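As given, the protein sequences belong to chains A and B, one line each in that order.
Residue numbers are given in the UniProt record's numbering: position 221 of the first sequence equals residue 221, and the series is strictly consecutive.
Residue numbers are given in the UniProt record's numbering: position 343 of the second sequence equals residue 343, and the series is strictly consecutive.
No distinction is drawn between identical chains; accordingly, a pair holds when it is met within one copy or between any pair of copies.
Capping the alpha-carbon separation at 30 Å, the derived lysine-lysine pairs in BS3-like fashion look like this: (1) K327 with K72; (2) K48 with K84; (3) K55 with K72; (4) K55 with K328.
Hints are computed from structural coordinates only; laboratory data are not their basis.
Quick caveat: nothing in here was measured; it's all calculated off a predicted structure.
2 protein chains.
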Amino acid sequence: MTFNSTLNLIQTYEAGKPIELVVREFGIDPKEIIKLASNENPLGASPKAIESIVKNATNAHLYPDDSMFALKEGLSKHYQVNPKEIIIGAGSDQIIEFCIHAKANENSKVLMAKTTFAMYEIYSKMVGATIIKAQSQFHNLEEFLELYQTHKPSIIFLCVPNNPLGECLGKKEIFDFLGKIDSETLVIIDGAYQEYAKAKDTSKAIDPKELIQSFPNAIYLGTFSKAYGLGGMRVGYGIAKEDIIQALLKVRPPFNITTPSLAAAIEALKDQEHIHQTTQNNLEQMKLYEDYANSKGISYIPSYGNFITYLFENPLNSTLIADYLLKKGMIIRNLASYGLNAIRITIGTKSQNQRFFTLFDEFLGQ
Amino acid sequence: MTFNSTLNLIQTYEAGKPIELVVREFGIDPKEIIKLASNENPLGASPKAIESIVKNATNAHLYPDDSMFALKEGLSKHYQVNPKEIIIGAGSDQIIEFCIHAKANENSKVLMAKTTFAMYEIYSKMVGATIIKAQSQFHNLEEFLELYQTHKPSIIFLCVPNNPLGECLGKKEIFDFLGKIDSETLVIIDGAYQEYAKAKDTSKAIDPKELIQSFPNAIYLGTFSKAYGLGGMRVGYGIAKEDIIQALLKVRPPFNITTPSLAAAIEALKDQEHIHQTTQNNLEQMKLYEDYANSKGISYIPSYGNFITYLFENPLNSTLIADYLLKKGMIIRNLASYGLNAIRITIGTKSQNQRFFTLFDEFLGQ
Numbered sequence: 001m002t003f004n005s006t007l008n009l010i011q012t013y014e015a016g017k018p019i020e021l022v023v024r025e026f027g028i029d030p031k032e033i034i035k036l037a038s039n040e041n042p043l044g045a046s047p048k049a050i051e052s053i054v055k056n057a058t059n060a061h062l063y064p065d066d067s068m069f070a071l072k073e074g075l076s077k078h079y080q081v082n083p084k085e086i087i088i089g090a091g092s093d094q095i096i097e098f099c100i101h102a103k104a105n106e107n108s109k110v111l112m113a114k115t116t117f118a119m120y121e122i123y124s125k126m127v128g129a130t131i132i133k134a135q136s137q138f139h140n141l142e143e144f145l146e147l148y149q150t151h152k153p154s155i156i157f158l159c160v161p162n163n164p165l166g167e168c169l170g171k172k173e174i175f176d177f178l179g180k181i182d183s184e185t186l187v188i189i190d191g192a193y194q195e196y197a198k199a200k201d202t203s204k205a206i207d208p209k210e211l212i213q214s215f216p217n218a219i220y221l222g223t224f225s226k227a228y229g230l231g232g233m234r235v236g237y238g239i240a241k242e243d244i245i246q247a248l249l250k251v252r253p254p255f256n257i258t259t260p261s262l263a264a265a266i267e268a269l270k271d272q273e274h275i276h277q278t279t280q281n282n283l284e285q286m287k288l289y290e291d292y293a294n295s296k297g298i299s300y301i302p303s304y305g306n307f308i309t310y311l312f313e314n315p316l317n318s319t320l321i322a323d324y325l326l327k328k329g330m331i332i333r334n335l336a337s338y339g340l341n342a343i344r345i346t347i348g349t350k351s352q353n354q355r356f357f358t359l360f361d362e363f364l365g366q
Numbered sequence: 001m002t003f004n005s006t007l008n009l010i011q012t013y014e015a016g017k018p019i020e021l022v023v024r025e026f027g028i029d030p031k032e033i034i035k036l037a038s039n040e041n042p043l044g045a046s047p048k049a050i051e052s053i054v055k056n057a058t059n060a061h062l063y064p065d066d067s068m069f070a071l072k073e074g075l076s077k078h079y080q081v082n083p084k085e086i087i088i089g090a091g092s093d094q095i096i097e098f099c100i101h102a103k104a105n106e107n108s109k110v111l112m113a114k115t116t117f118a119m120y121e122i123y124s125k126m127v128g129a130t131i132i133k134a135q136s137q138f139h140n141l142e143e144f145l146e147l148y149q150t151h152k153p154s155i156i157f158l159c160v161p162n163n164p165l166g167e168c169l170g171k172k173e174i175f176d177f178l179g180k181i182d183s184e185t186l187v188i189i190d191g192a193y194q195e196y197a198k199a200k201d202t203s204k205a206i207d208p209k210e211l212i213q214s215f216p217n218a219i220y221l222g223t224f225s226k227a228y229g230l231g232g233m234r235v236g237y238g239i240a241k242e243d244i245i246q247a248l249l250k251v252r253p254p255f256n257i258t259t260p261s262l263a264a265a266i267e268a269l270k271d272q273e274h275i276h277q278t279t280q281n282n283l284e285q286m287k288l289y290e291d292y293a294n295s296k297g298i299s300y301i302p303s304y305g306n307f308i309t310y311l312f313e314n315p316l317n318s319t320l321i322a323d324y325l326l327k328k329g330m331i332i333r334n335l336a337s338y339g340l341n342a343i344r345i346t347i348g349t350k351s352q353n354q355r356f357f358t359l360f361d362e363f364l365g366q
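So that you can see chain A by itself, here it is in the shape it has in the complex (with noise of 0.2 Å):
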């Protein structure tokens, strides 16, 4: 049979391996494996979200309220925006695929970082629309300008802070950024991370309802899967101006989170202790991370979110690293497949971490 011919061109994403395929391929106690691969938050979710998951096991056979009308409402106070500019995904990947669904075909054209999150160019080449990658390693915005005035993309990408390599673009240069862009290209601020980056430094900060005020032409994507502890759960947000949400709405399908996933949002939203414990123990143990590759002499990219990038020299080699640590029990992301010879480590628990110090410390010493 044959298929849309926009398929060809799509790379089937490969996701960070699951502790059961490590189980099964080399029949290590699950409870002996590490993984620090998929940015999950080593704390877990909110104890109050977690009851609330618990209290719904017995609303499995009830759909979900379709309006989420609870959940925007609590999104709506926190951000002081109106519950009519909130969109509420499947993770923010879904937003992102609404996105590319309601603005992009096979006429378009979207830019975005050369190393970035990786669903944006399999989201656009689903619908057959033109990659435009910046060459250079880091978001550079002037880059971004000049591609953006020679190619007119529909959608512009901004991760911010950036996944995987974990570098920030600040709150000024993007809205000095914004302020070239025309009112038809819809630029997304892809804010997965920022719990993590404000905590760090807050002129890294993008407050959403300012955005959408001073750019109606741009729409934030938050997250419950990093700081909320909620990846599992699959819950994730958009904020935009009432038009660009109206036009994402008609192409999101009915039901697209779970009853449990709706409960855990609501509930984790409101627990912003556990957010402030969560970017803490990231911040301290990030400087464990950066104080190892220091002593070792290997390169990271300082970061801004709940993950550190490695880069290696020959003879360090990421994929016999990361098949090292595998074998050891350790899942952590190798990035060869981004054309980079460098590991994404999540930043873990304390114990979790000194295992990683421990084993790559096996690793040199072989």
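Assemble chain B onto chain A, guided by the hints.
Coordinates of chain B only, in the frame set by chain A:
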């Protein structure tokens, strides 16, 4: 901002009213509200599935196994097909979306029954495809064949049994029809309510293995949302030959179901006794709805699902009836948006159904 012109044609799907909305609008105690609007299993999920959601609440921060190995294994055993012939979706809705994104575009035609599951049309319009609707009230395969020969659609939808009407094509007539369709046309056999149909009449049972072995251009859709009682967890599946599954996997977003959903579906599938109880309750209680309609001289469509459609004639009006019931805390589905003077009632528990009959008596006695 302008968006893709295909959006102009899309009407947002109208979901059954959630209990939360009725609480907000009418101030009724949530415990008093009975929802027979969304074909949820009134017996709830299998206790084993509920237990697995509770167990997985502390894994809320962990992404699910994106290969969905264990669930595919379970379905593979249940249906005697290869795991590579299975794809998992956030409800079978999402598999419908994958099929349309992989196979249809603005040059395509999609053939479906006049009154059938609304998402077939909505997803098709999202890619700009032309909708060809049969004119018969129920699925009429002679008419489908004529329309197929005239229009050469890329995709044909057969909803077996049909939602929202409840009628059901037999296996033999479907297979005869498929024998006349060329191998380039994707035929989607939506079996969301198959467990109920099978329990009532084995001649309606579609065996996915036999289906795809006989017709490599067919895909079978199943769901955990209906008989399995996991509507709120969003898990469905498609079964097709590997070339079709490979194409659909290209348009599947990663982590498209939640961590507790994956665990719950695996356990629910094992509890076939729960399916037996569910379908037996349905058959027994359906009979009461038929008897009630007969006693009041109301027409109904004999149903093979877990719902029944009452067809009204003047002066009875479905909107007035739905509004009356709603104010009394009973939510059913008004089919006015389908152009019908009819309501669809989900078959509930004995006490829920008795409450429906009491309220309907009250309405008639006004």
